[in-house]
Each structure stands twice: as C-alpha cells, then as structure tokens.
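Chains as they are written, first to last, in this note's numbering: chain Z, -11 to 321; chain U, 434 to 830.
Think of the hints as simulated: they come from the structure by calculation, not from any bench.
Worth double-checking, as some hints may not be accurate.
Unchecked claim - Partner residues are not named here, just some residues of chain Z that face chain U (Cβ under 10 Å, in silico):
| no. | residue |
| --- | --- |
| 1 | V213 |
| 2 | L245 |
| 3 | R265 |
Unchecked claim - These stretches of chain Z come out as covered by chain U in the derived footprint (C-beta under 8 Å, 3 or more residues):
| no. | stretch |
| --- | --- |
| 4 | 268 to 277 |
| 5 | 304 to 318 |
Being a predicted model, the structure only gives us computed values, none of them experimental.
C-beta: ideal position from N, C-alpha, C; glycine also.
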Amino acid sequence: MSAAAALAGAPSGDLAPLLGRRLIIVTGKGGTGKTSVVAALGLAAARAGKRVLLAETGRDENLPRLLSRDGKRAGYGGRAYGAGLRSMRIDPYEALSEYLRLQIGVAPLVRGVVGNRGFRQLMDAAPGWRELITLGKVWHLQQQLAPGGGPLFDLLVVDAPATGHGLTFLDVPRVVQSAVRTGPLRRHAGAVEAMLEDPEATLLLPVALPEELPGRETAELVARVRGDIGIHVDRVVVNAVPAAPFPASVPDLDERLAALPAGLVLPGAPAPAALARCAAHLRSRYELAQEYLGKIAEWTGLPLVSLPWLPEGVRGEAELEALAGPLAPEVPR
Amino acid sequence: MSRNAEPVAPSALLASRRIVICLGCGGVGKTTVSAALALLGARLGRRVLVLTIDPARRLADALGLEAMGHEPRRIAPDVLARLGVPPEGELSAAMLDMKSTFDELVGRFARSDAERERILANPIYQHVSDALAGSAEYSAMEKVYQLAESKDLDLVVLDTPPAQHALDFLEAPERLLGFLESPLVRLMLHPAFAAGRTGFRLFQRGAARVLKVLERVSGLAFLEDVSEFLLAFEGMSEGFRERARSVEETLFGPQTAFVLAAGPGPQAAAQGAALLERLTASRASLAGLVVNRMRLWPGPGDGSAPAAISNDALAVLAAALGEAHGAVFPAQDAAAAALDLARGYASLVQRDAAAVEPLAGRVRKGGGFVRRIPEFDRDVHDLDGLAAIADRLAELA
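Just chain Z, same shape as in the assembly:
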C-alpha cells in the first residue's frame, strides 16, 4: 500500500477533528470542488448535533442546489436545511449596509449613502473592502448569541474565493491595518485578524485535486499562509481521487488486453484494442493521481485527506455523504 493510500479516507491519529473548530475557511483553485467540501462538512456537523452555518462568498449561490431540491435560494438572510444546518451568501453591499447601520444607527442615512450612485461607483472601484466586510460579517456571526445563551452557531464554514484571490481575502485585515492609521475601521480589522489567527478556533482548509497545477497552487498557498498570514492550516483535502481501476489480481490488465491477437472479434463489444486503450487511459490517470498525492504531501509537508472521485459528480446528499465520511470520520453515519 502506498503512503498516499495509507492516508486515504482517514487523517492520521494526531489530527484534531475538523468539526471541533469554530471557523473553517475552505479555499482552493477553481474547479477543485470546494463548495462540495463545504456542503459535506455542513451535513456531517449537523449530524453531530452542531448548529452550523455555511457561508458562500461568490457571485452565484451553489450550496442550496447541493443541499436541497426545493430550489429556494439562501440570500443574505440565509435559509435552513433541516435541524442545525443553514447557509447564506454574504453579499458585500448588504454586509456593508448592515455594518454602517450598526456603526451609525440611522437606517435612512445608511440607505441614502449605500444607494447613492457616486458611492456605488466609488465602491465598485475601491479595493479590499469586499474581503474585509465579508470577514467582518463572519466575525459578527461568530459573536452572535443564541436566545438561551451560548453561541448562535457552533461552527461556521466559509466557502472562500478561489486560491489566487483567497490569499488577498485573508490578507486584507493586515493590509487595512497598515493603510488605515486610526479609527473604528482599524480596530475592526484588528478584531477580524485576531479571529483568523486564533489557532484553536480557526482553520484554513485547502482543497486540491491530485494534479500538477492545483497541487502546486496549494503548495504555494500553504507556503504563503505559513509565511505572512498567520492562519492555522493542518491538513490538505485532495478531492476526486480515482480508485484503483483493475482488480488486484490483474494489475497489468491494459497490457494483457493489448497483447491479444489483432483479429480477435468480440461479439457485442468493442475491439480488444479499444478495450486496451480504455484500460490504459484509466490506469494512467490513476497512477498520475497517486503520483500527485505523494507530491502534494511532500510539497506541503501536511497530512492529506483524500476524497473519492465520483463518476456522476456531486448532485446531492448521496454524493455528499461519500465526501463527509473521510472529512469527519468521527461522526457515525
């Protein structure tokens, strides 16, 4: 069994359970299946009896489609999916209105400001505030208390922007503090940074694929996070890892098929050469994935959690369950 296979399915014993954190920021290159990981974590946490909120930050909402079939969107107000599980989309303008209302307390004034065309033009162009206000909203959600005391949410999972922008996303509180010398904005940026840098509460969870480019980008992300963004990272999720394609008794099936006589006719099936090509292709892709699992572990120096490749993609709860198992093995199915 390869080193990567040994890690497959279950993180090694000294890794703390993911769901024990208060905030998990899931990040990764586009197309790695970040949102599916967020949804799977949400299902597992809810099953473990936690109150969990999943927050999307992209322009489009994808979580409602994965978690229910009713077609209802979540929006800024959020929506529920059965006991304990909610999702929302943090729209930066809505979060800004809310923030200004809290700061200034005069709702009509805030409406006038945020609705002002000049203000919109300025804000559309202004950098950094979207990231800051989004993280500020996360911070605010984390502070909120349930009516009976205790936090309103045990766990927040944030579907962060794709890697390149994900770094900007996490770096903004620090940048704001160096650009803004005094005032409430600086203070709030400080609170957000303290939240991100609390290793007990907060975890950055990178999602990669067992391929060259997502693997390298993840390694770069981990290096930068360790270098100047003080957020804790303790494992890498590798998504869509294909299973061994051949039975253990025939590890070289593709070669065996390729060695068959050229003239052999198979009734109701493609020619042996086509069968051999299919087998060879699936074997190469499998071996490539195994190779990159090893490389990602080496490049990042972190334990890997591998998630299975699902032939049909992630359509709903059945597939999310297959991802939730390896992510949160401590939660019984």
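Chain U: place on chain Z using the hints.
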C-alpha cells in the same frame, strides 16, 4: 461575425487577428489552451506572444521557461522547428506583472518626476494600486494593447484570470474611467477637501453625507491619504482617460477575437454557459469554443453507448486472455473487469458529450467554431503536449 455564417476556423483566426483573448472558468486548463493557440499561430508563420496574468507558474511550466518574467522570453528556434514552426514563426511568453505595468503607466502620464515620485510613494497608492478600480485587469489590457502595437509581434494571445474576474477584465477600462470621472472622486479632488474639515462641510449635501459616513468609519486621516492620492492622479488623468479609451476601442475592435475555454462534465459546461451569457451581453465577439480534457472514445466510431457493450463477449474474451497468458492467469476476472471498465468509460464519454452539447450548439449557432481536446493519459505541461493540442485545434471541424 454574422449569425449562422460559416465559422472562422482557429487557424484562420490566428492567421488574421492581432489579439486573441482566451476566457474561461477556473480549472479548465485555460492557460494550456492559450499556449496551444499561440503555438498554432507560430506554426502559421506569425510572431506570437502569449501573455498570462495568472500569478501561478502554469504557463512557465508548459512552455519550459524556468523563470518567466515581465519581459517576453523567446522560445529557442530549434525547439520551435521541432514543433512544426516555420523559420519565420516566433513564439515568446511573458507573465504580466501588474504592479509594474501600472507603475509604468503612472510614470508615463505624470507631468513631472516629482509628481511621479509623489504618487508612487503615497501609502494608499502602494496598497491599492494593484486592486484599485480593476487596475490589475486594466494593466493587463494596457500591456496587451502596447504589445499588439509592437512592430516585433503579429499576434498576442492573452490568458485571462478565471471565471468571475474574467469579465471584470472586459469592463476594466470603463470602470477605471467611471471611477476617475465619478462625482464623489471629483469632490474628493476638490482642494477644499484637502484643506481640511471646514472645507469638507461646504460640499453639496448628498456626496458630503457619503464622505461623512466614510470618515466616521475609517477616520479622517485615511480620507486625507485617499484625497492626496486622488489629487496626485488628477493632473495625469486626462492622458490616462484618452489611453483607456484607445485600449477599449482595440479590445472590442475587429483586430481582437475572444475564445471561450470550457471543461468537460455537467458542472463545467454549466459554468461555461453562464460565462457565454455574460460575454454575449458585452460587446465582445466570440470566435469559438475549446472544450478541454474531454473523454473521447479511443476506438473507431464513437462506440460510446455503454449498453452496447454486452457480456456476450465475456466467454470469448476470457478464453483469448487465458490462451495468451496461461492457466494461472485469472482470465475470467480480467475479462469481466475489462468489459466493466469499457462500459464505465463509455458512459463517461457519453456524459461529457451530452454535457457539452448545449453550450457547443449555442456557440455554433452564433457562428463560432467548436474544438474538442481529449483528456490525455498524462497532463500537458510541456511543449510536446501543447503541440498535441495545437494539432487538435488545427483540425477541420
């Protein structure tokens, strides 16, 4: 491009345009497709540059350039000759350093060295110049424009940042202009504002109220820095504005073509369709679609109906395997596994084809070309891989 006209094939496009912009969602191999388009252009005898604005080292990997930088690096003629590029064809690659492109712009439009230094030293400029008003995207457009004007190049292929940001990028010149011309920015440029609070109160109510709120949240010192930054920009903004307009004209002009790169599978195809929708709504003209990493059937015909692979073949296949490999070989298991694999693969082929068809159909209907690039056994990170993709791009539809 007129509707329902015969699509311009990739080769014809690369032979005639000066700028080809490759758009697509994250994870579809857009950088690889861009590099392959550029290679095809060089094969047609043109002098081509491929420019990536993605911070990752992807293109450098694919092009075998160890340290790809701001300055274009030529690929050696003997390497290109091996890839089928004629002697007059050239291929170079560069990674766009957005910060220094923007700094260069400031340098060009500042009225004096002192002004230039003042802007470059402003704390706000230092923090925001790479993000202000889509200046990153604007810088990319500016660089493409500069390069396309160059007498040493016939064609520039641009690899854009993924998905959501890809279209921000089309709007970048307009957004930068909108920002520089917005009433609020003009108010902040008013000397009275820089003079301090008293002047600040004199402003018209709407905008003044906005500034007041901003001040309460961010502190006056921050707004003063912003104001100083904008003041420094004011002098040069006329030149800037003119420049942004020329850039925009080129971007949407007849010299430029857009190619959409998409991935296989339902999700990637849906993302591609969403991008197409937004592209159609802009003034960009879409020349075609490249679907990357599609699973294609390896045998003759499409052979891809999984139901057509029956177990009738099991006995014959097992017997043949047994005969070829001896009695100890588990021929029965091997035969069953081979047919299962083929069925599984055939259904993937079928699914990829079905997922892409609606998007491909829309592109064809709009007069664009469609090319399918297979998923190779190994991923493409080298020039031979790019050449294999360029071969596919060059094929007739």
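- Counting residues of the stretch 304 to 318 of chain Z with a beta carbon closer than 8 Å to any beta carbon of chain U, are there 3 or more? Violated, because only 0 residues of the stretch 304 to 318 of chain Z bring their Cβ atoms closer than 8 Å to Cβ atoms of chain U.
- Query: Given L245 of chain Z as an interface hint, is the shortest Cβ-Cβ distance to chain U below 10 Å?
  - Reply: Because about 6 Å separates L245 of chain Z from the closest Cβ in chain U, which is inside the 10 Å limit, the hint holds.
- Item | Cut-off 10 Å, beta-carbon criterion: hint that R265 of chain Z touches chain U | 3 Å, holds
- Task: Verify the coverage statement for the stretch 268 to 277 of chain Z against chain U, using a C-beta to C-beta distance below 8 Å and requiring 3 or more qualifying residues.
- Result: holds (count 6)
- Interface hint status, V213 of chain Z versus chain U (Cβ within 10 Å): 15 Å, violated
The structure does not agree with the numbered hints 1, 5 stated previously, though it agrees with the rest.
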